[in-house]
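Chemist: For reference, the chains in residue letters:
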Amino acid sequence: MSSEENIVIRTEKLVKSFGENHVLKGFDLELNRGENLVVLGKSGSGKSVLIKCMVGLLYPDAGVVSVFGKEIPKLTQIELDQLRTKIGFLFQSSALYDSMTVRENLEFPLRRHWMHKSKEEVNELVIEALRNVGLERAVDLMPSELSGGMRKRIGLARTLILKPEIMLYDEPTTGLDPITGREISNLIVAIQEKYHTSSIIITHDMECAKIVANRIMILIDGLKYKVGTYEELKNSDDPKIKPFFA
Amino acid sequence: MAKQSRRSEFLTEVGNISAFTGKFFREGFKPRYEWSELFRQCYIIGYESLPLVGITAFIMGLVLTVQSRPTLEEFGAASYLPAMVAVSIVREIGPVITALICAGKIGSSIGAELGSMRVTEQIDAMEVSGTNPFKYLVVTRVIACTMMLPILVVLADGIGLYASYIGVNLKGIVSWNLYTTQVFESLTFSDVMPALVKTYFFGFAIGIIGCYKGYFSNKGTEGVGIAANSAVVVSSLMIFVIDLIAVQIADILGLT
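For the record, the sequence lines run as chains S and G.
Just so we're aligned: the first sequence equals residues 104 to 349 in this note's numbering.
Just so we're aligned: the second sequence equals residues 516 to 771 in this note's numbering.
Read the hints as simulated data drawn from the structure, not as lab findings.
Bear in mind the structure is a predicted one, so any value in this text is a computation, not a measurement.
Even for Gly, the Cβ is constructed at its ideal location relative to N, Cα and C.
DEER-style ranges, computed between Cβ atoms: (1) G/N744 / S/E115: 40 to 46 Å; (2) G/S533 / S/I282: 50 to 56 Å; (3) S/I282 / G/A534: 47 to 53 Å; (4) G/R547 / S/T332: 43 to 49 Å; (5) S/N226 / G/N692: 55 to 61 Å.
Here chain G stands alone, though its shape is the one from the complex (with noise of 0.2 Å):
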């Protein structure tokens, strides 16, 4: 019985987040377009994470490098370290340890500000002074967040593999044209571009899961609490999720 109502409460949730979801294709597109809140959400989403994004693309790559040396040297194949980290870099992990790192920063902080905004009032006062909160405050969360997020991944990126020269350049001596030489030979079409799309979908996973655990915030301060760490939860398994789709597809359309 248990395990039904629990089912019955993920089906609910589910079909909820795809209603609002639906909301927002419905909405987003309309006028009046909130401009000035979408520039706001552009700026304290992509530029206020990218200390953090950049910090963690640094260290990633280092470290990628440094473990990845030794395997390589085992089989006297070393030259091939700038190549594979780009590779692994570009494709798999830029994007999705952004991705996690932003479901962390900024679906939480979505979350717990719409959230405290629904426990205080706020988002009825709005409504009531004629102002359509869902166009405010989650069609200009979302669209900053799928439009920042591809930028912020491809800082990561490049960030990641300035740290990978540094990290080849530890034990040995890489000249900076040979190591971009060899990064750029080794990065195609197929891995660049499927890397790319998946981010605008993590970014949009991120700001509508966010937007509706806050929007729907149940009463009270420990509401709040919940919104924020549920949307981090499910959005980081989306961004799972995501990947995992994305992959098949780029495999099924050659592209792997």
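Bound-form chain S, shown alone (with noise of 0.2 Å):
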């Protein structure tokens, strides 16, 4: 496989605003297949708005964002509704639907893009979704009877029900304790070598990068500051760097 097959997600010099607020200001990425890249910034450093603009919920005003070589902004709606499928998107806050129980939360997704599937067959998905975030027993729970670390599980398991290609993680130990962080940063692991997903982890909590990073990426003003392994990034001496690591 050539080095240019091998990369799942690239943006060039992607730049966008918010009005005045220039967020990212012409950011380059090449995720590879099968690795897990950590993007590390501060709060409000645009590492959310760079994993929006992979799945077209925002786009960017200038320069490219391509996965699976097709450009996001060029896709039309089916086709990028399409290529959605492949991506799996675990949100801050998890945003499991409130009205739905967790059966209903996990079917969703399956009913509208394999609808052959009969009852028994998205029944044993389901399960084996839940089993695999070891929460089999909140089948029929509401969203509102979970805790947070919970619910970035349940969050996790609808995400994969799809078994995609590629996930993108946005915060995903934010708000959690440090316990049930590392599960999630385990699970984070667990799923790359069961699935062979190559993810995108937005994050600035160093005890899940250093856990899950293949290599991290430091954002810092808009662009890529500096990329290399946790061990690379520890060791530098670099004054921009230091902070996130001390």
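Join these two chains into a complex; the hints should help.
Modeler: Listed below in structure tokens is the structure:
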């Protein structure tokens, strides 16, 4: 496989502004097949904006954002929806549908994309997805009955149920206690190993970055500042990098 | 300067609601059709609103009858009571009061529900999962409101007229047959049809404004409250504006 074919997501000179607030000022990124890439940056530095551009929730003002070689802004709605089935997105707030039970939350994407599946097959997939995150017992609960960590796990199960090739995690451990945060981080690694997913993990939690990252990319002032492994960056003397590891 | 900015804000809002309505007509008739969600919304909007609408209609019919009697008696026209109340309820009070009740109950609930879905990223999650949230959330709710409101109004009219029958009999004896004969003899095509047609527009206005306010709710819990509140205020105002326009059109067409 050539290095070009190995790249699943690419952004080139990505620019995104909100009024006078210039969030991304020419950001470059390449996500290789099968790797976990952590994007580190301070709050409000544009990390979430970056991954929202990758799924067409936001459109860049300039530059290129392509997934599997397809430029997101140039896709029709149908093409974009088809591409989205290959991308899983775990939201910071988990974004479970409040009015549905856990089972209905998981069935929702299945019923819409895999309509040929029988009721038994759907049920099997739901249970399997819940087993993967260790929450089979929560199948008939409402989202309001779940703890923060459980919500994240169910959110993850809902995202994984369509077996995506790419996973985008928006601050997966934010708001969780250290133990639950570590469990979620380990789960991200387990998902990478089991499903061979390529993932971008947006975080400012160094513990999470240490556990999940194959590479870490530091985003400062809307630009790619530095890329390296956890150890390389930790040992850096750069005054802009050191505070992340303090 | 402030006045100018408020005017421009108002015009922007009108423009945005018009664009949102345009999107509804573009998206609403294209497949995929969200039948199960549409039926679920019809149940929530129609069936679950029935008790409130029914009680309001009953009280409205009874009070209108009791309060109209003394005035009619003064002119020796107490026998016209069923006819007068029937025309009032069917032409104006039934549709408008029911629509206002629904604006309060349904408009605020749609505004708050979609607003909180926006704030908690549920709408984004739906979009990312390859489901068109506009079709799933907006189109279904607007169609359900448009279809259910006329049914609620017809039921409210019926309940209001029955309450009026009780009101008539509080001070006097009028048989059910005589009452219904007087009611239906007084009602004509031009009383019923314009009143029924305008209820579709009332329902559409409640649905589209509730959805618009919720769908574009600003971030934060405060935004959810504002969405629910402004959905009620704007849709209530729209009901009166539509009523005014409906009266003018009915007048031009000679249906008054």
